Structure formats: C-alpha cells, structure tokens
Amino acid sequence: MHSVKKPDVLFGVDPGDWPGLDRLLDAALDLPPEQREAWLASLGPEHAKLVPALRDMLSRAPQVQANSFLATLPSIELHTSPASRAGELVGPWRLVRELGSGGMGSVWYAERADGLLQRPVALKLPHTIANWRGLAERMARERNILAALTHPHIARLYDAGIANGNVPWLAIEYIEGRPIDEYCDSPPGRAALPVRDRIRLFLQVAQAVAYAHGKLVVHRDLKPANVLVTHEGEARLLDFGIGALLEGEVAHESPLTEITGRALTLEYAAPEQIAGGDYTVMSDVYSLGVILYELLTGRRPHLRDGATRQGFERAVLSAPPPLASEVAARNAPALRGDLDVILNKALKINPAERYQTANALAEDLARHLDGRPVLAQPDSTRYRLGKFIGRHKLGVAATGIVALAIVAGAIVAVWQARVAIAERDRAEEVKRFIADVFEEADPYRQSGKPLSAAELLRNAEKGIDARFAGRPALRTELRTVVAASLLGLADLPAAEAAALRAIEESRGAGGDAVATLRARVLLAEIYAAERNNDKLRTVIEPLLADARAAAGEHPELLVRALRARSDLAIEEDRFDESVPPAREAWELARERLGKYDPAALAASAAYLEARYFSMKSSAPLLPDANNALKLALEASNGNEDSPRVLQVRDIRVRILGESGDLRKALAESDRLIEALARAFGPDSPAVAQAILNTGFERLRLGDIPKCLDYSQRVLDILGPRIDHDSGEYFNAVGWRWRTLAAANRFPEALEILTQVEEDTRRLSREAIRGVGEIMVLRSALLAHLGRFKEAHDAYDAGTRLGVGINAPDWIHRVRALIARREGDYPAAIESLKVAAEKAGPEPDERTRYSIGFEFAQSYVELADAAAADPYSQAAEKYLRELGAVMHPQYTELLVAQARTHLLRRAPREALPLLERADAYWRGFDPDNRSAAVTAYWLGRAQMESGDPASARRNFARAAPILAASPLPVERALLRAPSTN
Amino acid sequence: MVPAPLTDLIRRAQDGDAQALRGLFDATYDDLCRAARIRLNRVGRGPFLDTAALVHESFLRFVNSGQVGFEDRQHFMKYASRVMRSVIVDLVRNNLAERRGAGAVHVPFDTGLNESLGDDAGGQEIMRVHEGLEELGALNPRMAQIVEMRYFGGMTEREIADALDIGERTVRREWEKARLLLANALSEKT
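These protein sequences, in sequence, are chains A and B.
The opening position of the first sequence corresponds to residue 1 in our numbering, with each subsequent residue numbered one higher.
The opening position of the second sequence corresponds to residue 981 in our numbering, with each subsequent residue numbered one higher.
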C-alpha cells in the first residue's frame, strides 16, 4: 500500500509520543478508577507533557464503559431517490443527472457551477475508500499525465480533484454515443455495417490505444461498453487513463485505479490478467482482439454460456479460440484467411506471441484492407470447431416460483424480524448466539473437513436447548430463525424438523401464541417448498383461521399463509382456486405492509403466477407482469439479480413467450438463466426449472445446439436431486429426447423414449393414455430409423390404446411420416389429406406448418413441383416470421424447395438454398445422415449447373454415410441417374 | 485446483496484494450496499443498523454460490467490515449533502440520547468516526481496524480476535483505548 503522510498532531498527541502514551494508558486502565489520579500525580517529569491528555481521556473512561459508546452503529434515514443529489456541488461542478452507477461508484452529468465553461462533463464519483490521506498529492501527479492524453478518439480527462476534503472526483469529456458493437449492428439510418467498415471503425480504436501506449498509459479495461461511437460514426474510448501507468515494462498500480477500483470484466480480459499476473501493453492487445473478433463474428472467442467462472477461466487460459470464419454467424467467407490469422495472433494465450503493440495490429489490419499481404502467420495446426460444452455435474423448484419466493424472503426477513422484535440486549444475545454458531464451524477447531452452512445451522439448533434453558420464548424464536435460514439454504428436511420442534416447544410451557403462529406459517412454507401437498393440506385451514385472527397485529403472517394456500392450489392443478387467496394476500400486503415490503412483493409475484396458471393464454397479463417487475426492481434498488426480481422475471418470461415475440422472450430467458446461475449456483434446480420453462419455445425457434446443451444440463442438475418418477423429471426427459429428435439424432432419441415408455407403464397413474401416446411417438422415430415393421406395430398398438393429445390431426400426420419414410408417397399424401380435414377449417399456424411441411416433402418425391411449391413457400414463410434460425427441419425444407427448382430445370436457383443447408450441417453435425442427403442434393445441383468437380466431391462425401443408411430411399440415392 | 474466486482474492489480500483487495471490494460492495438499502427501506425498522446480520447474510450468499469457502469466514468478515464502512459512509454522505449548512451538531456522549435525537446526529456520528479512524489509523493501524470491524462490521470480540489472530483480552483493551481516544476527539470537534 502507499505510505501515508503522517500529520503533525493527532488527537492532541504527537505521533512520536504515541508508543509511550499507549503504554501509560495500559497501565492506567489496569488500575481501578479511584487509584488513577494518584498514579497520574506520581508520574515522573519525562511523562509530564502527556499527563494532560491522559487525565482527559481517563476522565471519560467511566462514561465510555457505562454507556456503550460506539457499541452500535446508529441507523440512518435513507434518501432513496438519487435525484436528490441533483444540484449538489462537488468541487467546481454541479451535478445535473445521474448517468449510471456500479461497483466503482457513480457517474453524473455535470456542469460548472460558476457557468464559466459551457461544456458539460461526465463526473465520476468513486466510492469512499479508506486511506484517502495524501490523496491530493497523488491525484495531482496523475492528473497531469492523464490530462495530456489528447487524441480525437479518446474521451478527455479534463480534471480531477478532491472536494470537501475527502470526496474525489474525475471530470471526463461527456460523450453521447452507443457502444461499438451495437453501433455496428444498427448504425443510424443504415443496415448493419459490412466487414470492411467494421474494420475501419475498429482501426480508430486501435490507433487510439496505440497513441496512449506511446505515452506509457495502458487502458486495462477495454470492452465494447467503453468504446462509444457517436452519431457521426466516430469512435471514442472511455475510461482511458484510469488505467495503470507503465514504468519500464511492469505496470504499477495507479492511485486513481485504486479509487475507482473497477472490477475485472472477465469476458475481455487477457489470460495473464485472469491469472493475476502482470499487465502490459500486450494485454490491451488481447482485449482489442476480443472486441474485433466479436465485431466480425457476432460472438466472443470464448463463450460463457452457462459455464462456471472457473470453467470459463480455464478455457481462456488453455484453449485457443476457434477460427473466426468457422463460427461466424455471417460473413464467414470474408473472414477466412487474413482476418482469421490476424485475430489468431491477437488472441494468443502467450503474450509474447501476440502483436507486441496495438500499432502492429492496426498496421496488419490496414494491410488487409489495402489488399497487401499481412505479416501475421497462421498456425500450422487446425482448430477444431468450438462446440458447446455440455456441462456435467450435478426440480424441486416446483413451479420455480415457490422455491425462489422462499429463498428471497427467508434470510433477509428472518434477521429483520429478529431485530424488529427484540429489545437491544435481546438482539445482542441472539446476535452473539449466531456468531458463536459460526464460530463452531471453524475448521481449525474441528478435526476433519469444514462444515457447510447448513450443517452448522443444524448444529446450532442442537445448542439452543443448552444455552437458553430458562428462556422458552427466546428458544422458539431462535429455532424459527434457524429453521428459516435452513429453508433459505434449501435444506428442507432439516428446516422442517427445526420448525416442528419450534412449534412443539412453544406449545408447551410458557409458549407465546404469536411465536407459535410464526413457526407454523414457516412450516407451511416449508411444506410448500417440499411440495408436500398432503401435509400442507392438513395444516393450511386451521393456520389460515388463526392467522386471520392475528391479522390485526401481524398482517404479514396472514399474507404468507394466504400465499401458501394459493401455492397448494397450483400444485394440485386447481388453478382457479389459486387466484382468490393470492389476490387477497396481495391486497392485504399492499395496504398494511407497503408495496415494497418483501412479503408484499412475494404476494405480488404469487398473484401474477396464479393468474398465469389459470388462464389459457396469458398474453393479457403482460402489462401486469411489467408492473410487477418494475415494483420489484424499485424495491431492490434496481438490482436485477435480487431473488425478488428474479422471481418476477421468471413468470414474465413465460408470459412473454406466449405473447408473440419469441426471440425476445428467449433472449430474456437466457439472461434470466444466467442470473439464476449467479444467484443460486449453476447447479441449482432453479436454473433447471428456468431452462425448462422455455424449452419448447426454444425448440420451435430452432436453436438446436443450445437446446442440446441446455437439455443435458437440466438432466444433469435434476438427475441426482429429484425423484425420477416425478412430473418435473418427465418433463426434462421429454424435452431431451425431443431435442435429440429435432437434431435428427434418432437412435439416441429412441433410446430415451423407450425408457420413458417403460417407466410410464410402471407407474399406473393416468398411464394408459400416456403409454398410447408414447407408442405413437416411438413409431415415428422407428420410421426414421427404417425399422418399419416395428413402427407399424407400435403405431397400431398405440392408436388402439388411445392417445390423449388434443390434436385430432396428429395421428394422421404420423401415419404420413411413416409412409413417406417407407417410400410410399401416395399413401402419405392420402393420410395428410385426412389430417388436413381433421385439423378443421381454421387450424392454428403451427399445425398448418406441420402438415404443409409433410405435403411438400411427399410431393417433391412424387416430382410434382407445382403441388409442392405452395406448401413449401408457406412453410418457409412461417419459419421466417417466427424468427426461427437454421435448424435440421429447416434444412429439409430448403432441400425440398431446391429440389422443386431442379425439377424445373433451374439448378442455379437451387444452389444457394442447398449451400445454405449444407453449411449448416457442416457446422452442426457433418456425419449426420441429413448432412449426407443435403450434400448429395447439392452435388446434383452442381452437376446440373456444370460444376462436376464440386459435385463429385460432395457425392464422395455423402456416399459412405448414405450407403450405411437404414432407409432404402436414402441408399437408393446413390444409384439414381442424373435425371429426376 | 482453481480456488473459489473470493477465496483466492482473500488469500492474496492477506498477503498484501493491493489489487486483490480492490477486487474483493468490488465483488462485495454492491451486494452489501443493496442489502443495507433494503434494510433501511423497510417500514418499522429498528433504531440501529444491524451490520453483522448484513455481513453474515452476504457471506452466506457467497458461500451458496460457491464463491467462497466456509473456512474463509473470518477474513471475509474482516474485509467486509471495511466495505461496510464504505457503504455506510456513502449512504450518509447522500444524506448529509441535504443538510449542509445547517450547522454541525455537537455529538453527545450517550448513544441512547443519540437515537432519540433522530438520524441527523446518527449520520454525524458515523462521519466523525469515519474521519477519526483515518487519524487513528496513522497512530495505530490495528486499533483502527478493530474499531472498523466492531463499529462498522458488527463483529463480536471473539470474531475479531480470531480474524486478527490475537487474544480476546487484547481486543477488548484495544477497543477500550480506541474509544477513549475517539471520545476525546469527537467531543472536541464542533
């Protein structure tokens, strides 16, 4: 740490005298008070100058001890609206409006108070730090160096200072613009920028960084958010100069960095930064590389994507990133070659292998733009494509909501309750108890491994009897605290046991009725979290009655009890019954507790959820969901990750999914999943539940890789944690096999589905119908695998048992599919006509699409282009309007369309469609049969457009896979002559 | 094995790594600040702010999300006390700004009296202690740290003793002396 300049006199004591004074004070305090004056008088002349100070302090000693001076931190009133700071003067500036705030402090739009300069600034106000002595000198030194950075693409640091003695501020040029990644995707009035324009824009950034490096200033936190682009298309780097100063080759910590204390933005950090090593010019180069990679490909070189922080770090530190051209969402051809090589060099793990300066990077980019050879050399080894890493490791989250609600409330509310109830010394006692509880967990006092939080709470509970033998009310209170904390940590069995003991005890001698009621309410919440409907049902009615009686004094207990009642109804699928208690809870809470009270917020979310479940289409709830979110955010001071807010976000995402904009809903769902992983751990059931909640929508949108990854993840999380016979687990497994089927990985899908059928048979709940449905599903998979006899058997047996699916057209569609796979296209068409009839005059879009898709496939096989066309056009329109991304079924549609072009002797029109489909398969699963089929048709189109060489290559690629296909129609492709 | 993120930072901060200290600060500031604001927002809150609870809860949250191990509790709380101090002082600053020019209030001795005077005096006390700690830190860093952990962090004497690896009696005595010094200083300033 930096040395602190010692002031002259402190507390009336010369620092040099302090050691002596300290010793004397010790001696004096060892004496009983009445002897101190005499002792003071007896001190020798060498201590004479300290005596007055000593006497003064000792005179206060009795009062200090008696009055617990400074024993507790006084409470403070909170002015919540940041706008209250507007108009405040900080140094020569006046605050106008807050621009943002975060871990490092807040940033304000500010003007000069004296109106001298017209130019407004962005005023950074870092958090209070200890150790601000000597700050003034350090800031002055810094400011001169950093203010000297003048470059058209760097936001100026105008000035820095300290106001009011200890409030540091930094005045930075105010820039209006958007982050560079957003700008590139949607510049004002134009379409997304092409590759060359992005590079040109990026060059501005690289040049700015090079300039600063020349002045020995390193940025250290380069990321798109720090690169704004103005309306005129000029890049401006922010937060520059708040980096470290380079001296020699090693970075020293700049005191300004110390003040602003930015957290490490992991996604853009260089490997050596993550590993905690020295930060140099090359580290900035790495970050630049990440930014450029993202601008050109649409994604970062290493994806977080659900990985734990450690997993991500490990990836960055050990795995080279995939080639940009192989992962680019668009423009891949333009990236192949030079740009791949340049990015590769910028992103080398070893700093010594990177571009040594930002200048060198900029120059190579300029060479590329000019068409001159670049200096960077490609690696000799090829990179594998970065596939999504399936997370291994480890859904009691009911609807997801119940568990979250409880976690949200428990820990905070319980400790608050403790403080609110207790007088000070009682609170002190409880506090000491809790502290001792933690104390017991000290691993150095135990032999063996350290205890988990849950274990220590359980131990604590055991200790309550001994410590508070004569204090039954306090015991109950403590047990309730422990139980609630255990609930918050999701240790439900222990929580239940603790709550039961609390109730039993408080009903005994000297019990306090309210304490008992409190414990009973907690028990109900625990049952709800456990989804133990039977037990909950037993206790809920009497509990409600008693809670109502106590509602005058303790409304929050009734609110919570009503919520538990609502949850029970949801669990029992009696959705209509869930709404009235939820509404009552919400209204009561709002009226008596205030809308920001945790219990009120929980009630608001529960009310929203109850209505969601009770409505067929929840789209009308969207405005209410938005309001509830707003409320929760306000109460959490804008923290989007607080459990309270997460709860509402969860419900809102599902409503969004039903309101039409699928892409938006799924993007929001992705964010929610990340937030849940952060809040509860990546392996928590809450994460699994949130993923499942939007699982089927994701399948529809067609992001199959993500569905594969997510579905595996869900199973990994839930597998060891919940009953495999539970509804949740069935849901999770169901999504998994459907995802595999959508990826055309039929053998794996079949395996899972077969197991599901066995399990369903075993559990004779409403199983008969379920089994029928599963058999029909299985028949479709069998057909894809060429096992036609089995497929027919399963189909017939399934339809005999009866299927519960509420879609009368469905079984005919499956029939058509089986026929198509067998090659009996006329039969397929017949079944499809029946399906269309059953679907009725106004089928929903999804059904229309499914039937149309099959029609197109079969008509194409029958070489009837005219008939196929309208169906394939309509199907493609549906997918496009849905915003679907490329996925296996989409490629089959493209192939069908391409084949109609071939039928019309227009092979060149077929080519782009087939190339698109082919590219998808090569990137996703090149060994899949569908990849081979696509490659085959691509070859046909190429052959017919006069490119036999490419055609032969593709045939050769497809041949081995097709030869091994279980479907006769696919094997037959290789033998077909060139005419259709 | 890669250590949990906060554990790693704590260990490095123990070794005097200033950057790690800052990293800790950043990682925990927001969490504690929010928790404090939520607590202060509540209707019917008590007369004092229970920072011990806030710090414990924060710790449990970080344990739960795998960012710190249970065995790091004491060190976590030591650093969390410093963060808490920053959080509280920032919050008070937001309020004091409103009242600037109203004239400083002489902080009486008896904290009980303090509370009934209302939050103005409370905020003033906090600021005085904060500033006083800076001076105390120049004289005797450990004493200042003890005050920080006790007053801002709400830690018990035993917890402080364990975190600093000294005896409880020493903690008690240092705490006593520190209060005498601060009492001296706080009553002089007007």
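Don't take each hint at face value.
[As the list claims (entries may be wrong)] 25 Å max Cα-Cα, derived SDA-like pairs, lysine to any residue:
id, chain 1, residue 1, chain 2, residue 2
1, A, 49, B, 1041
2, A, 223, A, 177
3, A, 595, B, 1153
4, A, 462, B, 1115
5, A, 223, B, 1037
6, A, 49, B, 1014
7, A, 462, B, 1137
8, A, 223, B, 1007
9, A, 595, B, 1007
10, A, 215, A, 188
11, A, 223, B, 998
12, A, 630, B, 998
13, A, 630, B, 1049
14, A, 462, B, 1049
15, A, 49, B, 1153
[To be verified] What follows is a set of in silico ranges between Cβ atoms, one per label pair, in the way DEER data are often shown:
id, chain 1, residue 1, chain 2, residue 2, range
16, A, 626, B, 1138, 31 to 39 Å
17, A, 17, B, 1138, 43 to 51 Å
18, A, 619, B, 1138, 56 to 64 Å
19, A, 115, B, 1138, 56 to 64 Å
20, B, 1138, A, 112, 21 to 29 Å
21, B, 1138, A, 318, 20 to 28 Å
22, B, 1138, A, 27, 21 to 29 Å
23, B, 1138, A, 762, 32 to 40 Å
24, A, 667, B, 1138, 43 to 51 Å
25, B, 1138, A, 660, 55 to 63 Å
Don't read these hints as lab results, they were simulated from the structure.
All figures in this text were calculated on a predicted structure; none of them were measured in a lab.
The beta carbon of each residue, even a glycine, is placed where N, CA and C say it ideally should be.
Q | In rising order, the numbers of the hints this structure does not comply with | A | Checked against the structure, the hints that fail are numbers 1, 3, 4, 5, 6, 9, 10, 12, 13, 16, 17, 20, 21, 23, while the rest are satisfied.
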